[in-house]
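Given the coordinates of chain E, assemble chain V onto it according to the supplied hints.
Line order of the protein sequences matches chains E and V.
Quick note: the first sequence uses numbering that gives the first Met the number 0, first residue 0, plus one each step.
Quick note: the second sequence uses numbering that gives the first Met the number 0, first residue 0, plus one each step.
What the hints contain is simulated information worked out from the structure, not anything from laboratory work.
As the structure is a computational prediction, the values presented were derived from the model and not from experiment.
Please note that a few of the clues may not be correct.
[What the hints assert, rightly or not] Straight-line alpha carbon distances no greater than 27 Å define the calculated DSSO-like cross-link-like pairs of lysine-lysine that follow:
hint: 1; chain 1: E; residue 1: K177; chain 2: V; residue 2: K477
hint: 2; chain 1: E; residue 1: K79; chain 2: V; residue 2: K198
hint: 3; chain 1: E; residue 1: K304; chain 2: V; residue 2: K44
hint: 4; chain 1: V; residue 1: K138; chain 2: V; residue 2: K350
hint: 5; chain 1: E; residue 1: K83; chain 2: V; residue 2: K294
hint: 6; chain 1: V; residue 1: K138; chain 2: E; residue 2: K70
hint: 7; chain 1: V; residue 1: K487; chain 2: V; residue 2: K198
hint: 8; chain 1: V; residue 1: K199; chain 2: V; residue 2: K294
hint: 9; chain 1: V; residue 1: K138; chain 2: V; residue 2: K154
hint: 10; chain 1: V; residue 1: K141; chain 2: E; residue 2: K79
hint: 11; chain 1: E; residue 1: K33; chain 2: E; residue 2: K126
hint: 12; chain 1: V; residue 1: K350; chain 2: E; residue 2: K70
hint: 13; chain 1: E; residue 1: K83; chain 2: V; residue 2: K477
hint: 14; chain 1: E; residue 1: K70; chain 2: V; residue 2: K198
hint: 15; chain 1: E; residue 1: K70; chain 2: E; residue 2: K83
hint: 16; chain 1: V; residue 1: K306; chain 2: E; residue 2: K70
hint: 17; chain 1: V; residue 1: K282; chain 2: E; residue 2: K79
hint: 18; chain 1: E; residue 1: K79; chain 2: V; residue 2: K199
hint: 19; chain 1: V; residue 1: K154; chain 2: V; residue 2: K282
hint: 20; chain 1: E; residue 1: K79; chain 2: V; residue 2: K477
hint: 21; chain 1: V; residue 1: K44; chain 2: E; residue 2: K177
hint: 22; chain 1: E; residue 1: K177; chain 2: E; residue 2: K116
hint: 23; chain 1: V; residue 1: K294; chain 2: E; residue 2: K79
hint: 24; chain 1: E; residue 1: K83; chain 2: V; residue 2: K198
hint: 25; chain 1: V; residue 1: K282; chain 2: V; residue 2: K199
hint: 26; chain 1: E; residue 1: K70; chain 2: V; residue 2: K477
hint: 27; chain 1: E; residue 1: K70; chain 2: V; residue 2: K149
hint: 28; chain 1: V; residue 1: K477; chain 2: E; residue 2: K82
hint: 29; chain 1: E; residue 1: K70; chain 2: V; residue 2: K294
hint: 30; chain 1: V; residue 1: K282; chain 2: E; residue 2: K83
hint: 31; chain 1: E; residue 1: K79; chain 2: E; residue 2: K101
hint: 32; chain 1: E; residue 1: K304; chain 2: E; residue 2: K265
hint: 33; chain 1: E; residue 1: K82; chain 2: V; residue 2: K198
hint: 34; chain 1: E; residue 1: K70; chain 2: E; residue 2: K116
hint: 35; chain 1: V; residue 1: K198; chain 2: V; residue 2: K294
hint: 36; chain 1: E; residue 1: K83; chain 2: V; residue 2: K199
hint: 37; chain 1: E; residue 1: K101; chain 2: E; residue 2: K70
hint: 38; chain 1: E; residue 1: K253; chain 2: E; residue 2: K265
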Amino acid sequence: MSEKSERRVDERFRILVCIDGSEESYRGLRYAAKLGGGVDADIVLCYVRPYDQGLRSGGLQIDVARENMLKWGLELPGLKYLKKGRDMLVDLGILSLDWAEKHFHTDVEGTSLGDNKIDYVSPEDKKIVLKLKVSSNIATGILDQWVLGEYDLIILGASERWRSRKSKSFWDPAVAEKVAINAPCSVIVTRGLTEGNGHLICTDGSEISLEMVRRDAYLASRCNCPISILSVAHHETALAEAEAAVEQAAELLKEMDIEVEEKMVKVGNPVEQIIETGPDYSLVVVADSGKGAIERFFIGSTAFKVMEQSYNSVMIVR
Amino acid sequence: MKAVKSSINAKARLATVRDRIPSVRAQKMLALQFRRNLLVIWDKKWFVFAMLVGWGMMQLPLPEGLSHHGMVVLAMSVMATILFVTEPVPLPTVALLIIVGQVVLLGLDSSVVAKSLMKDSVLFIMGSLMLAVAVVKQKLDKRLAFLIVKLTGTKTSRIAFGISLFSGILASFIGEHTVAAMMLPVGITLITLTSNDQKKVRNLAAVLLFSISYGCSVAGIGTPSGGARNAIMIGYWQEFFVDPTNPATFVYIIDYLRWMEYAYPIFLIQLPFVTMILLFTFKPEYNDLSRAVVKLRAQVQEEGPMKAADFVAIAIFFLTLLGWIFMSAGLGMGTIAVMGAAAFLVAGLVKWEDINSGVNWGVVLLYAAAISLGVEMKDTGAAAWVAESFLSLLKPLGADHGIGLWAAVSVLTTGVTNTMSNGAAVAVLGPIVLNLAQAAGESPIVLGFITSVSSAFAYLTVVGTPACTIVYASGYLKTTDFLIVGWKMAVMSTIMMLVAAWLYWPLIGV
Numbered sequence: 000m001s002e003k004s005e006r007r008v009d010e011r012f013r014i015l016v017c018i019d020g021s022e023e024s025y026r027g028l029r030y031a032a033k034l035g036g037g038v039d040a041d042i043v044l045c046y047v048r049p050y051d052q053g054l055r056s057g058g059l060q061i062d063v064a065r066e067n068m069l070k071w072g073l074e075l076p077g078l079k080y081l082k083k084g085r086d087m088l089v090d091l092g093i094l095s096l097d098w099a100e101k102h103f104h105t106d107v108e109g110t111s112l113g114d115n116k117i118d119y120v121s122p123e124d125k126k127i128v129l130k131l132k133v134s135s136n137i138a139t140g141i142l143d144q145w146v147l148g149e150y151d152l153i154i155l156g157a158s159e160r161w162r163s164r165k166s167k168s169f170w171d172p173a174v175a176e177k178v179a180i181n182a183p184c185s186v187i188v189t190r191g192l193t194e195g196n197g198h199l200i201c202t203d204g205s206e207i208s209l210e211m212v213r214r215d216a217y218l219a220s221r222c223n224c225p226i227s228i229l230s231v232a233h234h235e236t237a238l239a240e241a242e243a244a245v246e247q248a249a250e251l252l253k254e255m256d257i258e259v260e261e262k263m264v265k266v267g268n269p270v271e272q273i274i275e276t277g278p279d280y281s282l283v284v285v286a287d288s289g290k291g292a293i294e295r296f297f298i299g300s301t302a303f304k305v306m307e308q309s310y311n312s313v314m315i316v317r
Numbered sequence: 000m001k002a003v004k005s006s007i008n009a010k011a012r013l014a015t016v017r018d019r020i021p022s023v024r025a026q027k028m029l030a031l032q033f034r035r036n037l038l039v040i041w042d043k044k045w046f047v048f049a050m051l052v053g054w055g056m057m058q059l060p061l062p063e064g065l066s067h068h069g070m071v072v073l074a075m076s077v078m079a080t081i082l083f084v085t086e087p088v089p090l091p092t093v094a095l096l097i098i099v100g101q102v103v104l105l106g107l108d109s110s111v112v113a114k115s116l117m118k119d120s121v122l123f124i125m126g127s128l129m130l131a132v133a134v135v136k137q138k139l140d141k142r143l144a145f146l147i148v149k150l151t152g153t154k155t156s157r158i159a160f161g162i163s164l165f166s167g168i169l170a171s172f173i174g175e176h177t178v179a180a181m182m183l184p185v186g187i188t189l190i191t192l193t194s195n196d197q198k199k200v201r202n203l204a205a206v207l208l209f210s211i212s213y214g215c216s217v218a219g220i221g222t223p224s225g226g227a228r229n230a231i232m233i234g235y236w237q238e239f240f241v242d243p244t245n246p247a248t249f250v251y252i253i254d255y256l257r258w259m260e261y262a263y264p265i266f267l268i269q270l271p272f273v274t275m276i277l278l279f280t281f282k283p284e285y286n287d288l289s290r291a292v293v294k295l296r297a298q299v300q301e302e303g304p305m306k307a308a309d310f311v312a313i314a315i316f317f318l319t320l321l322g323w324i325f326m327s328a329g330l331g332m333g334t335i336a337v338m339g340a341a342a343f344l345v346a347g348l349v350k351w352e353d354i355n356s357g358v359n360w361g362v363v364l365l366y367a368a369a370i371s372l373g374v375e376m377k378d379t380g381a382a383a384w385v386a387e388s389f390l391s392l393l394k395p396l397g398a399d400h401g402i403g404l405w406a407a408v409s410v411l412t413t414g415v416t417n418t419m420s421n422g423a424a425v426a427v428l429g430p431i432v433l434n435l436a437q438a439a440g441e442s443p444i445v446l447g448f449i450t451s452v453s454s455a456f457a458y459l460t461v462v463g464t465p466a467c468t469i470v471y472a473s474g475y476l477k478t479t480d481f482l483i484v485g486w487k488m489a490v491m492s493t494i495m496m497l498v499a500a501w502l503y504w505p506l507i508g509v
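Pulled out of the complex, with its shape left as it was, chain E reads as follows:
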């Protein structure tokens, strides 16, 4: 990467929002707008279109139908959704249409329509980007996009359309899970994301959890969200440890000048307790324990189980 772009990446807080046209993705975008409102934050809206196999359309490439639509002057769905997201940002006051606008196009092998990107740059050098990406599958596309931009946060919905084929989703995890597991940065998986109800940080007292507390505090401060802390003890005997973990986290937050709304300690199965407490808050925050795939398969990871089974939105912090 050139020095200029490296500097840019270092100095700015970059959010990648994955749009697929569903209501959920636009809720995620609203949350991103809250987090990315300041001058030092860039927001990138990304729509990933998977390659067409051709077999499913009987041998006629779907691009023929798409080109026909373009000839009629109709907009393709991907760009339509991205523009809807852009208009939403304009309404929220984050983006102004008189910013400098630049269009880019990259050819991608295997499809005639390629990648499209529209950059909006403000006078203070804040960037909002609309990216329409073509990739072999949606999760790979999002992860490829991460490599291009090295974002600090990825927001995507656990929404239905991402399951590309009903039968396959039975065997393959959904896109949201794949991205959440493999991305090197924090990921918010949204389900009915609400605003203003605060973050629920789930800590188990480990070093990784404390790091997570620190990082989430930064994010919460960007959007002025109240923070609550929860720790779950497996058994009555571990209660003291759980309480100590909560106190430690509270201390850390106090050092950073952040007030803690609520402190809770519960006893029982960690995953169940977290999921039950979750719905009262906007976001359930868990730390990625860094377990490998095989460990996860056999032992299981609390963070990922929470992400899969939770009733509301979950953020995995890395």
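Okay, now just chain V, sitting in the frame of chain E:
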């Protein structure tokens, strides 16, 4: 005071979110790369699984009535089916592997295998895809849309029926994917001209777009040129039953008109039901589309009068159609399809680059390999063995003859086609069903028709039929929409087909 403090700390705080040390970031990139490599291998798990299943099957002791070669072919079919459904590798790879498998595992000569790949049905599939691209590129859809609207008036229900009828009739001759690609912008234009707010026209969008896709899908059964699967079934009948020296077997040569006699009425009866089911499931928000129609009229008038090129295109289209109806017995449907495509190219109405990029040649290869495998299934007796086993399963249910058997075959085909493409379903199930007919003493023609017609019933998923896949690319429909209306369509179509088979086909002599 606090505000100043937070702005000074902003940069420092940002540093806490990221790894402060460059080597940690480099480590993370390596970890990501490693994870992604693992992801790639894990994605191919189904390929390894399929290979293991195939190898395992070939090691099993031979069941009675199945030769070694039959077992090999059966193993190859199972492997191909697993790969079709799970798609761990690009699909044309499966075709290549089938070719390699036939040479290496069955010991056939390479040239013999190569010859078995290209038959009249494959030429037909290739030719009709080329014609499809040529027709879509002619941009006659605006005039067609205008014609439809002129004839049906402006009420939503009548427009929906009109769209289904016209798309259907056209699709029955040139294939459902062509017409879906042509009519898709028509549907979307009518929707966007009614209202720009997507939420206000949700149900209207569903009604109009599904009218297109289901009109095309039910039409695919009407004529042999309606879909690749019909050509494949005709090819199988010819391969398996027609003996040039025995004139009594010529009854198995089903030509264009004969197919239409059997299947066209089934297509036509379904159309009113399609519109009724759609209007019942999605109640459109607007009962009258006159605003949209007026604007569409204005758009069409901008096009100007029809040019000479448009007339030539329509002429070539009708000539190809007549060729299929009257000359296919002598020349073969494939030849005529290819002639049509050549005519478009000679007349300069379409460029080769358009055809090249618009046709998915991998699909042609796939059908060729699947048919070749199907023929091998019959030649080695594997199909007969599977048929007998299946029949013995059905006996206790009393479904081994008559309408029970028909229903069983229909359900099996519908199930298979909802997981794979229609053509592949017929290519794989064809030999088994035809042998089933022989073993059960039923007419292979009836069962063959039931299989071909049922393979069109893949309404439950977005990717079930080509028309549905193309219509979904518009972005106006959700996957759940396909499910809630698809099952009703599947039930209606199955009932229509069984009723026709029971009452109508005996009348025309089966």
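Exercise for the section: Identify every previously stated hint that the structure contradicts and give their numbers, smallest first. Expected result: none
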